[in-house]
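Colleague: Residues per chain, in single letters:
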Amino acid sequence: MYRYIVTRLLLAIPTLAGAAALVFVLMRLIPGDVCVIRLGAGGSHVDPASLAACRQQLGLDDPMIVQFLHFLWSYATFDFGISMWSGNPVTHEIAIRLPVSLEVAVLATVIAILIAIPLGTISALKENTWLDHFVRVVAIAGIATPSFWLGIMSLVLVLDITFLATGHAWRPPITFVSFWQDPLGNLAIVFLPAITVGYRYSAVTMRLTRSAMLEVLREDYIRTARAKGLLEQIIVNRHALKNALLPVVTLIGIEFAFLIGGLVVTEQVFNLNGIGRLLVQAVQNQDNVLAQALVMLVVAVFVFANLVVDVLYAWLDPRIRYS
Amino acid sequence: MYMRTGLWAAGLGLAVAIAAVPAGAQTPNRGGTLTYMIPADAPPSFDGHRETTYATVHVGAPFYSVLIRVPPDNPASTTEFVCDLCTEMPKPTDGGKTYTFKIRQDVKFHDGAKLTAQDVATSWNYIVFPPKGVSSARVSFYEMVDKIEAPDDATVIFRLKRPTTAFLPALADPYTWIYKKETLEKDPHWYEKNILGSGPFKFVAYEVGQSIKGARNPDYYHKGQPYLDAIEGIFADKQSVRVEALRGDRAAIEFRGLPPSARDQLVKEAGKDIVVQDSDWNCGNILTPNHKKKPFDDVRVRRALALAIDQWAGAPALAKIANVRTVGGIVFPGSPLAATKEELQQIAGFWPDIEKSRAEAKRLLKEAGAEGLKFELLNRNVDQPYKYVGTWAVAEWKKIGLNVEQKVVPTGPWFSNMRAGTFDVAMEANCQSVVNPVLDTGKYLPHTVYPENYGGYEDQKSIDLYEKMQIETDLAAQRAAMRAYEKHTLDTMTHEIVLPYWYRIVLARSYVKGWKISPSHYLNQDLANIWLDK
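Sequence order for the protein chains is A and B. Per our numbering, residue 8 is the first one in the first sequence, and the count goes up by one each step. Per our numbering, residue 769 is the first one in the second sequence, and the count goes up by one each step.
Isolated chain A, as found in the complex:
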């Protein structure tokens, strides 16, 4: 197993290098540059000398190959560079935002698992009953509902309910506080975004749990277990669910990795200063250094999440052995 993990980690290097090359080229295919945006986005006069000085300072005048080699070398030496927009180290920019995105992602994942696995299982066990239909409607609605709409509606709902109940509309705070500073204040900020994201996330997971459970419940070994007179609870929990969870775990891993950089809309709606919003800003500002670092972060999270999922497979299904 350890050898497998080390091999997977080594194989991640060409994956990361390939992703690095791709993001480097893609960022430079966008016409314009950070200096033009920085000096002229307001619509006022752009001084040519300032523009030239800015480009020289940021190395934008260097040939593309020089920029690429510099980029590769800096990553090889774990120097992720300085943001072209703010002048701060990108590690600093990311470190400020990562806890916000991570907290929402973890909370959303917990919410999704708590909703999806029980409901998906019940839906499969009660196939084609009103309960199954109801769960499926809830799941399809979750998949079909845009998260920005759901975010706004959840805010409106909370406003209305608290107003009707107390005569005073409760609104979540607009600036972030960490959980360690103010646990209640922190939860007041992240709870609604986590619910919003978690619902959509749970809907996808619920559908997969149901279909995986249905498939497993039709397997011969389940029939055998039932024939042996095993308790239904044991059949479901010990034999069916554990096997059905294999694809579900894969999905949860991928979705979690996606949440780290993919909460763009939710972060905008709830004014969360997270990684998704930072990535959008970096691309809008054509801050290549920061955008590259963020994409690489997301790629690294995906690679790591996939590895964790593969390791979990072995735990869930003892027949799986890695060598």
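Hints in this document: simulated from the structure, not taken from any laboratory. Quantities reported herein were computed from a predicted structural model and do not represent experimental measurements. From the three backbone atoms N, C-alpha and C, an ideal C-beta is built for every residue, glycine too. Some hints here could point you the wrong way.
[Claimed, not checked] Each pair of labels, with its calculated beta carbon distance range:
1) A1085/B / L221/A: 57 to 65 Å
2) D841/B / V113/A: 50 to 58 Å
3) S1029/B / P254/A: 42 to 50 Å
4) V117/A / D1041/B: 34 to 42 Å
5) K1060/B / F311/A: 51 to 59 Å
6) L29/A / D921/B: 56 to 64 Å
7) G1140/B / R62/A: 39 to 47 Å
8) D841/B / Q63/A: 41 to 49 Å
9) D841/B / F155/A: 28 to 36 Å
10) V850/B / W80/A: 52 to 60 Å
11) P839/B / Q74/A: 44 to 52 Å
12) P55/A / K1229/B: 18 to 26 Å
13) H957/B / F85/A: 20 to 28 Å
14) G799/B / L29/A: 53 to 61 Å
Given chain A, work out where chain B should sit, using these hints.
Modeller: Relative to the frame of chain A, chain B by itself:
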């Protein structure tokens, strides 16, 4: 509520409708914290000399002093300037070429060091003549400055190459913060990441993408000010977040400006708890035909594009949904140098009879062999007001048989296409801070003289007319010269098509007093005169 007709009288100033009780009628309360929204994610840096975004001004202005400024109690004035660090506005000597400022002796930086004329002169020298490796975004504004000296700790002298009416407005630029000489000379990049000024508020804390906080400067030299104990600016790029913050009274004001829909919604819901201040904005969209591409090299085609647009009917209709309102020429409508309505109506694209105008447009297109012309309008991916105005222009052109597709791209590609000349017609913007018609109208000069003109034309006559206007110091003569330059630019050659000026709508909770709107979101942002009536 909105005044329109009065705008056309030269020197009248801005149409400012203030729903609040005039601040002068009440004695300011002291204390409290002003929470305001900053419509940005974060400024690129804190260095006003280097940056051009309003995010830097909205963040930094409360912490800094400037030499002169627009009057905080009348920021709508386009001709009046008052001292901040100087003791009185100087009378120019040496035939208008020398301005001697006496500097206040009671000013301290927030670290306790005394501010002297040396700090003022050094800051200005870094702005006007930046040393190698130092970026100054407004060097071209001060092309008329020959030398800046501080013969003693109380005097700063600006020596100009020639007298010009553009100098004082340029000197009142809101980004020209006074830094500490010692710090600046030790590390000119220090102010990019740090704040140390002598303004009404002392810097307390900054959280990237979240907020900036300041506390009252007890040593502030304008006695009695600031009224507030503290300020907190909250960053929110998303408009819905800012509107919601105002509605929920979690923020008291947003200074940049919100669209009419937000105003109508908030006023409807919050009633008298929300007050509105609005003003013409020293920003506007311009349509730039690419003279290097056929058939836009033909003045008849360019003229037809201008004649097709019904500015007089379009502006009030657009004002209901977009941040635009007043029809104007190349000069901001509130300026004494601006064209009157009657003068504008002599120019192509501003004729009062739109049927006659469109008939002439069709005739010109036929004559130029460009009937049913198909082309692309390059526009920026910004809703307010770019896309609204762009959609309107496309619809207007359709009325003379043109087939126009609007290509909306993000800011980077928008700039890049304009700079590379890879467009047919571009929707540009000309957005300035202090109303300074002489500098502001430089935008309409050929690219060889003004690098940020993307029309791709050469026109010596245009340069000559601008030069004549620029060196004129007599207001009436300068106004006449401006009309000639405007007529040539918009009518005779139709190098550009000026669309209705933007309209600034600032919403605030009704307890915010003392602050008055200006024609620019860059101006009057030190917050010293704001107080809270609660």
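Colleague: Work down the list of hints and note, for each, if the structure agrees.
Modeller: Hints versus structure:
1. A1085/B / L221/A: 57 to 65 Å: 59 Å, holds
2. D841/B / V113/A: 50 to 58 Å: 52 Å, holds
3. S1029/B / P254/A: 42 to 50 Å: 46 Å, holds
4. V117/A / D1041/B: 34 to 42 Å: For D1041/B against V117/A, whose Cβ atoms are near 40 Å apart, the range 34 to 42 Å holds.
5. K1060/B / F311/A: 51 to 59 Å: 52 Å, holds
6. L29/A / D921/B: 56 to 64 Å: Holds, at about 59 Å.
7. G1140/B / R62/A: 39 to 47 Å: 42 Å, holds
8. D841/B / Q63/A: 41 to 49 Å: Given a distance of about 44 Å, which is inside 41 to 49 Å, the answer is holds.
9. D841/B / F155/A: 28 to 36 Å: 42 Å, violated
10. V850/B / W80/A: 52 to 60 Å: For W80/A against V850/B, whose Cβ atoms are near 54 Å apart, the range 52 to 60 Å holds.
11. P839/B / Q74/A: 44 to 52 Å: Holds - the Cβ-Cβ distance for P839/B and Q74/A, about 49 Å, lies within 44 to 52 Å.
12. P55/A / K1229/B: 18 to 26 Å: 24 Å, holds
13. H957/B / F85/A: 20 to 28 Å: Given a distance of about 25 Å, which is inside 20 to 28 Å, the answer is holds.
14. G799/B / L29/A: 53 to 61 Å: Between G799/B and L29/A, where Cβ atoms are some 56 Å apart, the hint holds.
When the structure is compared with the earlier hints, a violation turns up for hint 9 alone.
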